[in-house]
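Peer 1: Below are the chains, spelled out letter by letter.
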Amino acid sequence: MLKQFNGKMKIKDFLTHLSGYQILIYTLVILIFLLTIAPFCWLIISSISMKAELLSVPPHWIPKNPTLKSYKEILFGGARTTRAARYFKQAVGNSIVVAGSATALCLAIGSIASYSFARLRFRGRRPHLLTILATQMIPAVGIIIPIYVVMMNLRLLDTHLGLFVTYSSFVLPLMIWIMMGYFQTIPVDIEDAARIDGCSRLGALFRVVLPLAAPGLAATGIFAFIVAWNEFFIALVLTESKAKTLPVLISEFSTKFGADYVMMSTGGVLASLPPVILALTFQKFIIKGLTGGAVKG
Amino acid sequence: MGYLLILPSMVVIFSIIIWPILYSIYLSFHQLYLVRPKEFPFVGLENYLKILSNRVFWAAVGRTFYFTGVSVGAEIILGLGIALVLNQDFKGRAFMRGLIILPWALSSVVNGMMWKWIYDGRYGALNGILLQLGWIDSYKIWLADPKVAMNFVIIAEIWKETPVGVLFILASLQTIPSSLYEAAKVDGASTFRRFIHITLPLLRPILLLLIVIKSVWAIRDSFDIVYMITRGGPAESTQVVTFYAYLTTFKFLRFGLGAAISYLITLIILTFVVFYMRLVRTESLYAETI
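Chain order of the listed sequences is G and L.
If you read the first sequence in my numbering, its first letter stands for residue 1143, the second for the next number, and so on.
If you read the second sequence in my numbering, its first letter stands for residue 1486, the second for the next number, and so on.
Isolated chain L, as found in the complex:
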C-alpha cells in the first residue's frame, strides 16, 4: 500500500534525477563531441585527467568557493541581524515580515538584469548615487575591473538570498520560550550575554542547516547570476565552475568533457549533502519525520 502510493513519484524521481546521474558517469568516460555525434569512443579516465590538470578548471573551482563562502557568510550574518531586529516589538512588524520575502520572489534572471542595470557604467543608479554623494568624481565602469567584478555579482546574490535566512531564523527564534530570557534577566544577564548564552546556542541547529543548504544553493545559483551580470567576464574573473561546465558542453559541444566537469561539481555538492544528512540526524532536525 505504502509502496503503491509513492510509486508514481519514485518513478519520476528515479527516471529524471537518479538515472541521469548514473548516465552522466557513463558519458564522462566517453568522448562525445556533438559536431560528430556518430563517434562515441570509450576513453576511460581521459576526460577527468584533462580537467584535473587544467588550470582554468581549478581557477573556476576557486572562484566558486569564493562566491559561495562570501555570499553564504554575509547572508547568514545579515540574516541573523535582520531576524533579531524583526523579532522586536515595533509598529508594522507583520508588514515588514511579509515584505522581507520580496527579493526571494524575484527570479534570478530578473535579479541579475536589475543589478546589471544598477551597476551600468554609463547610466547606472550606483554611479548616480555615488556621484551625488560626492564619493566619485565621474562615472565608473564597475564590471570592467576583473579585481572587483566578482564582488558586485556577490552583492546581487546576497540581496536576493538573505531573506530566506531571515525567515528560517525568525521561525526558529519564535520557538525559544520567553521564560528563558526572563529567568536570565532576573539573574542579571545583559542583553549581549543573553544573546550569547541563550539565543545563539538554541539557533545552532538552524544556523548549521542554513550554512549547508545555502552553500549548495549558492553553487547552484552561481550560474544564473553570473550568466546575467557578467557572462564569466571580464577576463574570466567571474567564471564559476557551473558556468565553465555550461560553456564546455553547450558552447564548445564537448559533451563527454562537460559531463565529467558536471560530475565533479555533483561530487562537491554530495559532500555537502553528507554533512546535511548528518545534521538531520544529530541535530534532531526533522526528528519526528524520519
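Bound-form chain G, shown alone:
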C-alpha cells in the first residue's frame, strides 16, 4: 500500500512530514466527513436561500443573499404562511408532550424493572427477559391494526393519550435493556452496605442505587426521547389533525404548501434540531445506548 504513494510521498513528506499512510487516512477521513454532512448541509443551505437562487440551473451552492426569513415565518407567522406557522407550533407542542411523557413514564417504570432484571434472581426472570428482547424487534406494522381498532373503540384516536400509551410500549423494552447495563456497573457492595446500615431493599434502591445510576438513566432518557420524537408510522396512523406530531406534519409539507422548497427545508431543519443537538452533545451516552450491551467491555 505504501509503494503506491511513494512518488507523492517524497514531495509531501518533505513539505509536511506526512507519510503516505497518513495521506491515505486523511483523504478517507475527509471523504467520510463530506459524505456525512453534505446532504444535511444542503438542507440547511436550502432553508436560508432565496427561492430564485435555489431554482436556478444549476443551483447556487452558496447563497449570495442568505436570509432567515423562512425561519421567522414558520416560527412567528408571516404575511404568506401564517397557516403553516400555526400548524408547525402546534405539531412541535404535540411532539414535546408525547415524546416527553412517554420518556418519563418509561424511565419511571423501566428503571425499576431493569434493576430487578440486573440484580434480583427470581423465577421467570429469564423468560421475561427473553420476551423483552424479542418484543424489541417486533415492528409497528405487525400490531398497529389491533391498536388502531382499540383506540377507535376507546375514542383515543388523534389524542395525546393514545399516542403516549403506544409510544411507551415501544420505547420500554429498549430502555429496560439499555439501563440493565448501567445497573450492572454499580458495585453490589454499595447496596449491601446500605442494607447493613438498615435500609430495606427498596430503600437501598431509591436512596443509593438510583442516584448512582442517574447519569445512565438520563442518557437512556435522551435516547428514548430522540426515538419517540422521530417516530413516524404510528403517529401517521393514529393521528389526524389536533394530535399530529412533527414528523407527520413534515410529511405533509410538500403537498400542503405547494412546492415551497425553502419552507419545506426550514421545517426539516427545525424538526431535526432537538435530536441533532441532543445526539451531538451527549454522543458518548448515545453511542453507549445504541451499542448497549451488544459489545462487551
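Don't read these hints as lab results, they were simulated from the structure.
Quick reminder that beta carbons are idealized off the backbone N, C-alpha and C, glycines included.
One thing to keep in mind: the hints can contain errors.
A few chain G residues that face chain L, going by a derived Cβ cut-off under 8 Å, partial list only [stated by the list, open to error]:
hint: 1; residue: 1188
hint: 2; residue: 1190
hint: 3; residue: 1194
hint: 4; residue: 1197
hint: 5; residue: 1254
hint: 6; residue: 1259
hint: 7; residue: 1314
hint: 8; residue: 1429
Since the structure of chain G is provided, determine the placement of chain L on it from the hints.
Peer 2: Just chain L now, with coordinates in the frame of chain G:
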C-alpha cells in the same frame, strides 16, 4: 419482589405488544371492512389464501428483500470500512467519531424529504452536481424510472443507517487487545493478513448481530422512507410489503386482509428474531446478562 418491580413494565409490554399480536391473528381470520364495521364474519383462512395467491403481494415481498439485502449489505461493508478508518490515529478523531452520529439523529421523515429534494427532477442538487461535472447533458427525473427508483430509495436508507453499524463496529474494535496485532507484526504478518486473521474473526459476532438486527430494522423502516420519497411508485416499483399492508388497511380499509398481511410480515421478522436469539446464546453476546 423481583416480580413486583417488573410488573408495571410487563403490564405495558403485554397489553400493547403481546396482546395486539394475538388479537391481530384473530382479526386476520375475520372479514372487517371499515366502511361496514357492523359486519364481522368469520372467514377462516380466506384472507391468507387471497394474499398468498396475489401476485402484487409476492412482488412486494420480493422488493422488500431486495431493499433489505442491498441496504444491509452496503451498510455493513461501508460501516466496516469507515470504522477501520476512524479507528486509526489522526487529528480530529474524537470529533469525527461524534459527528458520524448525525445521519442517525435525523428522523426518517426528514431524511426522506431531504433526499427527495436532492433527487428532484427540476431543481435537485443531484442533477446540479452531475450537470456541472458534465456527466449528464440535461436534468433527469430520476424517480420517474421504475427500474432505478428503488435504488435511489436505498441510497437514502444507506446514508441514514450506516452510522449505527460504524458505532457498533468501532466499539467492538476497541475491545481487541493491541498485543494481538503486535505479536502478528513480529511474526511478519502483513496489514491485510492481520485484518483477515485477527480483526475479522474477532468482529464475527458483532457483524452477525448487525446483519440480523439491521435486516429487521430495514424491513421496519422501509415504510417511512418509501412513503416519503416515492409513495410506492412509479408503477408500484418501490411498493414494499409494509407499504402494501398500509395501503390495504388504511387506504382501502380492508382491516381483516391488512391484519393477515401484517401478520405475515411479523412471521418473516420472527424468523430473524429466532436467529437473533440463537446468536445471543451461541456467540456469547450479552453473556453476563442472561
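Peer 1: Against each hint, give a clear statement of whether it holds in the structure.
Peer 2: Hints and how they fare:
1. 1188: 7 Å, holds
2. 1190: 14 Å, violated
3. 1194: 11 Å, violated
4. 1197: This hint holds: residue 1197(G) lies near chain L, its Cβ roughly 5 Å from the closest one there, short of 8 Å.
5. 1254: Result: holds, 5 Å to nearest chain L Cβ.
6. 1259: Since the shortest Cβ distance to chain L is 7 Å, the answer is holds.
7. 1314: 6 Å, holds
8. 1429: At about 5 Å, which falls below the 8 Å cut-off, the nearest Cβ of chain L leaves the hint on residue 1429(G) intact, so it holds.
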